[in-house]
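Asker: What follows is each chain in one-letter form.
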Amino acid sequence: MDYNKRSSVSTVPNAAPIRVGFVGLNAAKGWAIKTHYPAILQLSSQFQITALYSPKIETSIATIQRLKLSNATAFPTLESFASSSTIDMIVIAIQVASHYEVVMPLLEFSKNNPNLKYLFVEWALACSLDQAESIYKAAAERGVQTIISLQGRKSPYILRAKELISQGYIGDINSIEIAGNGGWYGYERPVKSPKYIYEIGNGVDLVTTTFGHTIDILQYMTSSYFSRINAMVFNNIPEQELIDERGNRLGQRVPKTVPDHLLFQGTLLNGNVPVSCSFKGGKPTKKFTKNLVIDIHGTKGDLKLEGDAGFAEISNLVLYYSGTRANDFPLANGQQAPLDPGYDAGKEIMEVYHLRNYNAIVGNIHRLYQSISDFHFNTKKIPELPSQFVMQGFDFEGFPTLMDALILHRLIESVYKSNMMGSTLNVSNISHYSL
Amino acid sequence: MDYNKRSSVSTVPNAAPIRVGFVGLNAAKGWAIKTHYPAILQLSSQFQITALYSPKIETSIATIQRLKLSNATAFPTLESFASSSTIDMIVIAIQVASHYEVVMPLLEFSKNNPNLKYLFVEWALACSLDQAESIYKAAAERGVQTIISLQGRKSPYILRAKELISQGYIGDINSIEIAGNGGWYGYERPVKSPKYIYEIGNGVDLVTTTFGHTIDILQYMTSSYFSRINAMVFNNIPEQELIDERGNRLGQRVPKTVPDHLLFQGTLLNGNVPVSCSFKGGKPTKKFTKNLVIDIHGTKGDLKLEGDAGFAEISNLVLYYSGTRANDFPLANGQQAPLDPGYDAGKEIMEVYHLRNYNAIVGNIHRLYQSISDFHFNTKKIPELPSQFVMQGFDFEGFPTLMDALILHRLIESVYKSNMMGSTLNVSNISHYSL
Amino acid sequence: MTKSHSEEVIVPEFNSSAKELPRPLAEKCPSIIKKFISAYDAKPDFVARSPGRVNLIGEHIDYCDFSVLPLAIDFDMLCAVKVLNEKNPSITLINADPKFAQRKFDLPLDGSYVTIDPSVSDWSNYFKCGLHVAHSFLKKLAPERFASAPLAGLQVFCEGDVPTGSGLSSSAAFICAVALAVVKANMGPGYHMSKQNLMRITVVAEHYVGVNNGGMDQAASVCGEEDHALYVEFKPQLKATPFKFPQLKNHEISFVIANTLVVSNKFETAPTNYNLRVVEVTTAANVLAATYGVVLLSGKEGSSTNKGNLRDFMNVYYARYHNISTPWNGDIESGIERLTKMLVLVEESLANKKQGFSVDDVAQSLNCSREEFTRDYLTTSPVRFQVLKLYQRAKHVYSESLRVLKAVKLMTTASFTADEDFFKQFGALMNESQASCDKLYECSCPEIDKICSIALSNGSYGSRLTGAGWGGCTVHLVPGGPNGNIEKVKEALANEFYKVKYPKITDAELENAIIVSKPALGSCLYEL
Amino acid sequence: MTKSHSEEVIVPEFNSSAKELPRPLAEKCPSIIKKFISAYDAKPDFVARSPGRVNLIGEHIDYCDFSVLPLAIDFDMLCAVKVLNEKNPSITLINADPKFAQRKFDLPLDGSYVTIDPSVSDWSNYFKCGLHVAHSFLKKLAPERFASAPLAGLQVFCEGDVPTGSGLSSSAAFICAVALAVVKANMGPGYHMSKQNLMRITVVAEHYVGVNNGGMDQAASVCGEEDHALYVEFKPQLKATPFKFPQLKNHEISFVIANTLVVSNKFETAPTNYNLRVVEVTTAANVLAATYGVVLLSGKEGSSTNKGNLRDFMNVYYARYHNISTPWNGDIESGIERLTKMLVLVEESLANKKQGFSVDDVAQSLNCSREEFTRDYLTTSPVRFQVLKLYQRAKHVYSESLRVLKAVKLMTTASFTADEDFFKQFGALMNESQASCDKLYECSCPEIDKICSIALSNGSYGSRLTGAGWGGCTVHLVPGGPNGNIEKVKEALANEFYKVKYPKITDAELENAIIVSKPALGSCLYEL
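Chain order of the listed sequences is A, B, C and D. The first sequence maps to residues 1 to 435 in this note's numbering. The second sequence maps to residues 1001 to 1435 in this note's numbering. The third sequence maps to residues 2001 to 2528 in this note's numbering. The fourth sequence maps to residues 3001 to 3528 in this note's numbering.
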């Protein structure tokens, strides 16, 4: 287990910290204040917040005061923000629906900022495949290293599962079942929940968010994209009942156009492995099943990931492994994976990997920032580390980029297409990036 | 719970017992001696074995002696057997592959036996849809009441689940997940296992047998056929390792053409309910999951059926129910389902239904024979009980017929078609029987 | 209390030449033999008979191993039997009551047991329970004969006047008669079965049909004795001690049985009634054990089906906190002291959840998961519930067992200054028992309550339900003899209950609904 | 055994004007202060120091609450600290050893704890453990000041010579120094922390980084005293009693520490080594309890994380079967008798599975399902194993605890006829301990075995590993003084082990690898 070695970069590097400009950091509410901000706090000398932009400058000023961001400036316009040379990395943490209209001009203005090296965008990188393709192209032309927050890839449980699979602990993968649950999309809607996540097209729904994160994690763990897929998308609950905080119905119904159930099945490119997925909207039922179950059956062993809520990328999961370690397993890169001394080959090994007090919501984003600073300061002293890379793909190292996001967008596009056309689609080509 | 009332027919009826002619009852081996024979033994005066036929008459003679069948005659030819007036009911318990070539001539010859009233055929009623259609038509023309051994419908757990659903204990069905396991179709094959169940086309495989029984049970419990379905059929294990009884590999590989994994998803006609199924071949792994799990989520409650082996129709299952009984639930036939006195409407009810010493293999077939004798002797005194009925469909009463089998064959046909065409098929019309 | 118990005592056997035949046999054998001959046109070889029972006090505590005070009654079940000598033997059952359809089934030639389908509710299943326990007894008694060969074929004609679903235990009467008959049929006239063996093998018989009851009914039916009630104990071992009622000055002690005519089928209501109560008291015992840090059964005794009970908790509690490691032997004084202590513990640890424990509450107190508790406690037999009322059920079992000990003391007191003392004290115990069955165990019903209130205001000193409850019979302590008020009670019940509730009731039905039961003879055989 | 214990004893504080400064402070403070100034160009306010420790005997038993015999050694960890007064405070860490990269993190303004990422292996996590326990101590000590306001910002310079991963508990030394520093920094010069408090809050500190160890290391580091070893007890309460070695006729009792230079990182190997052993002994205690029908912890004490241990089993066993309901108070004679009995029980109930228990075996003995056992016992921290060797681990814990009691008796015997008696007897206990660690606990390694055999044949009477094992240091009982053979042992080890295993070892490294440790002073402060 070596993936968990902390980068040896000093959190007080001799080199200057990465100067971060935030679009969407608001001390009062939102996702960034709960995750990006605490992560940067822990790496306080590798990242320094130097610029904030939000449509109303008062929000930025208030946030700077509230968080005492001594080195940060509030910018009145997107142009002034994007072209300011005080920024090395721009983080876009706003509603997916406004990604396109903000990032495209921002990249344009940013041409005046020679220091801009990184563009960090929250998943789901725009609401449609076309928007995602355009943003990707613009960023590539602009020549920045891109980052997408598919932070499930950084979860210690996912990395441990990836390690076990890649070191042959379960032999060849035989079949996979996933059952997940997307909290908001059931019969009842909390009155305070924001309207836009219930309207199709805003880039936040059961397929794009819940399924998107989970299927990206599955591909990453198994190091394989899909070859054929079929999907059925359901909106069996066109109207939801509004409820107050204590869960009592207010007797008012509100329209919902996003799906509340997804059936997805397909085969992995590597080994034609059958994969069966069922994602349910609605309050997670605690009755007889966990809300997130990923079962991976192999010829030499079984792996199981379980979580209480349906969101794999922000849950503190439990990993179960049981299998007979195939020490005669020729590893992908040819060399022999060393069997831990003291194990006799034939016997079944059991592993349970759970960190009782791991905060996954902050932790996974924190480790994503760590991997950015590892890359920036080349803490692992990797010889001739390229200044940029197009996509993480299935490497342990690095971080997911807009290309990884684009490939995931193409898969989600084919999910909707398969449902609409009522046909099984061949998706084995969506992972070839073409500039 | 009234489905479990034992028929009041006396097992020593004043009327004469139903005289049974068996094709395929062999004291030494096979399915009938383990299930049909013990069932008839328990109803010894409602059914009397009067005739046996098998290609080699010695087999029939030996069986009559071994089982001391005092009233049975061994017939030398299919013709003499089929036309003997000493038979009221013919039971076909031979390999599915020979159903067609035996039943068609048998029906023809049986025209000389005015007493023939019942034709009982083991699932899967012939190896293809065409054969099944022909047999069905021939039997219909011959005018006999038909029976098919989809005995899962008679399991006490399935009937209890059907009762709970139909009485509104889980409200509207919201989503369904099924994970099953077909023992023989994995990486290893017992050396004594008969070859024909590994060759496609013999009517015995993961789709026809394991999936067939289970999906018929699901439709019966939920009282709904499918509207749209998609399937992917896999043969990832073209060659199996031969093993001896103690499970050691003999170092010999044998070809397999039947599938070893099925992915199936679809929507139920009633309520557009999403259904996700994954059937795995191979030794049931006891690691982290049961080998048969059927989860039915509803708006008012959840139902779960679990079994150790993957075969729902011959396993001693456990039924779990938890939900709030909707006593304001207008029942299909309009009248109010009486809520058990002593329950207050709002509170959650929990039910666990398991009969520790129920022998499902014999028990379900036994109860199928009981339903035949209930019909024959009209033990429930049903006014103007018709002398014949075409199909059981989703009734509690009666038993499954060749029409129910035909509809299931059409669904299985569309499973293979969906896989071959790579498309989601509309199957809402397969349940209309047309003579 | 006469010390003799039924170790070597043999089940009484009579034959036509017997000097004085017990009344039930004398009265009923001739008619059943005639009916057998008309049904099978052959003479039966013998008639096996076993009576129903009424329980004076101690309801729903036998399956917790606490002692009870039943007596056999003058209603019984007779089985006329002819042993056949066929190559492939079968058993044919005909019942005098047309409601029970004729049944026939073959005996497996390899000597294996006849299967019982627990999912089905049928009278022949009860016959098969008796057959099963007799068969397993015979396999041990004479392995060489019964290990791999079938039992003898039989023709059986059954007739009984114990009203079914009335709480007078018609099922136990039937099972005991059948078990006795099957052993006699297969061992022949030379073998004489002991009461202890017949009682031991029949106490678990109903479990095969899915009713997890205790052993009271079978013990009373087998060991009944004329003019004697029975003190039946299950631990340290199974024992039935007959005793006579105390001699009063100028009244007889008699018990009137009044049938509510509300039929309660123990099998079909088991998931919400009988079997649910068994789950509740077993769970209560384990929650108490977890709360007080004691283990009910050590590794060896416990098993997936045996979860221990409230008597086990009492024993391990006293071992841990009072250094008394030998289990309670039934001694009355120490029993009263311990049961009183148990009621304190129940208040202390279970009273905070009077509204009932949810599955999550129980899983938490047992420190296991929902799934674990469901798998271990709820799959022994079908159950359906909203909450488990551990407090109320445990309180009933301990208080009722306490009342039985007090009742035994009264029954074995040599003399009373005034008859009134006995009637008042014993009556009070019965009334407390009815209140506990109603309010805590919730196994009474409106008809029972109505009958009890009428009887109490018309000369009965103690009135309560008897048997499982939820309908069935009631029992009333009424001074008998010349200046007793049995007639007064019968009168009142007839006018204020039966004629009101069942306007079209016939005199014969009324006659049958209210009976004065004299303790009757237990199981016995009549050989032709 | 001097009776004074550390209730009110204050952690020693010195300043520049102190008459005679303890040697470690006198030697090391000047250099660390100079380094602090060059790093932060400001003077530190104080230096907190805490030593490493060697454990003479009693390995892997502290997390089962059994007593141990450590002594603080002359290697320690110093933290020079400057308290800052910033609006949004942060802590900057610089380590003299470049291997440990500089770290800086902010203190949450709302006074909440600094999060520790348990999935990561980094030296700053250990600082955060010390910070966390000190912060929670301060929240209770002065809630009005620390409930919802951040701690003071700090500049810290750390330097230590306790070799990491050497089994001399560098992590405990670091954590105790940090906790002491954080309390001093936030309470100011007026507040004087007691040894008992510092020990109590630091014994659980490493759990926050996922190492479920006992409290030996921290107790020894805090309570160390010159020329005194320590008898550290965890139950009935946490206590460290200093004691002097017995005066022998013509030899000194001295302990040589030899470092195998095989680094074993407790955190990274935890899933297959340290944490797995904790799971094994906890499971063994529960299997023993289930087998003998006793409950380890009553409902209140037990919890999803607290599963009880082998000392709890000994107590409840004696309560149930010997009527001794008060837990063992540590008395030596009764301790020896009971531990001997425990070893008998372990043979009786666990010896049948010497090849190890599978998950199914354990689930069966605990009468729970696979999933239940996995959820309750295997999710406290990451573990990886093929089987759980309950027999071997339980046998080690009970036999090792027995050896500690015998060692204490030897250490507190007034006099010995011949020096040889002491050396022979104490040496034998140490050798048995090494054999048990090697064969039963499997926490030795080839290098340890090699060093022990060389030392034993060159003048050492007792040689064993010290600390967690799997590498790290060894400790040897060698007669010191003029005619002792310390030099002989050092010579032999240098030639037959170090120069062979590490041909390129420098004299300085060799010097450092073999040391004669005098019991040293525990945690202390030096205020500028």
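Calculated directly from the structure, the hints in this document are not laboratory data. Every residue gets a Cβ at the ideal spot worked out from N, C-alpha and C, and that includes glycine. A portion of the hints provided could be inaccurate.
[Stated by the list, open to error] The calculated DSS-like cross-link candidates involving lysine-lysine, where the alpha carbons are at most 25 Å apart (straight line), are:
1. B:Lys-1417 x A:Lys-417
2. A:Lys-300 x B:Lys-1290
3. D:Lys-3354 x A:Lys-68
4. A:Lys-29 x D:Lys-3354
5. A:Lys-347 x D:Lys-3354
[What the hints assert, rightly or not] Not close to chain D: a few residues of chain C, all C-beta gaps over 10 Å, as computed:
6. Asn-2088
7. His-2251
8. Ala-2289
9. Ala-2290
10. Gly-2293
11. Val-2316
12. Ala-2319
13. Arg-2320
14. Asn-2323
15. Ser-2369
16. Glu-2371
Asker: Taking 10 Å as the cut and beta carbons as the points, is Arg-2320 of chain C off the interface with chain D?
Answerer: 6 Å, violated
Asker: Is it correct that the beta-carbon of Gly-2293 of chain C has no partner in chain D closer than or equal to 10 Å?
Answerer: 3 Å, violated
Asker: Would Ala-2319 of chain C pass as off the interface with chain D, using Cβ distances and a cut of 10 Å?
Answerer: Answer for Ala-2319 of chain C: violated, closest chain D Cβ roughly 7 Å.
Asker: Far enough from chain D: is every CB of that chain over 10 Å from the CB of Asn-2323 of chain C?
Answerer: Asn-2323 of chain C is in fact no farther than 10 Å from some Cβ atom of chain D, at 5 Å.
Asker: With 10 Å as the threshold, tell me whether Ala-2289 of chain C passes as away from chain D on beta-carbon distances.
Answerer: 8 Å, violated
Asker: Holds or violated: Lys-29 of chain A with Lys-3354 of chain D, Cα cutoff 25 Å?
Answerer: Violated: Lys-29 of chain A and Lys-3354 of chain D sit about 59 Å apart, past 25 Å.
Asker: Please verify whether Lys-1417 of chain B and Lys-417 of chain A have alpha carbons no more than 25 Å apart.
Answerer: At roughly 20 Å apart (the allowed maximum being 25 Å), Lys-417 of chain A and Lys-1417 of chain B satisfy the hint.
Asker: Would you check whether the claim that Asn-2088 of chain C is not at the interface survives, using Cβ distances to chain D and the 10 Å cut-off?
Answerer: The claim stands: Asn-2088 of chain C keeps its Cβ more than 10 Å from every Cβ of chain D (closest is about 43 Å).
Asker: Lys-347 of chain A and Lys-3354 of chain D were given as a pair; does the straight-line alpha-carbon distance stay at or below 25 Å?
Answerer: 15 Å, holds
Asker: Holds or violated: are the alpha carbons of Lys-3354 of chain D and Lys-68 of chain A at most 25 Å from each other?
Answerer: 62 Å, violated
Asker: Between Lys-300 of chain A and Lys-1290 of chain B, does the CA-CA distance stay at or below 25 Å?
Answerer: 18 Å, holds
Asker: Run the C-beta distances from Ala-2290 of chain C to all of chain D and say if the shortest one exceeds 10 Å.
Answerer: 5 Å, violated
The structure shown violates the earlier hints numbered 3, 4, 8, 9, 10, 11, 12, 13, 14, 15, 16.
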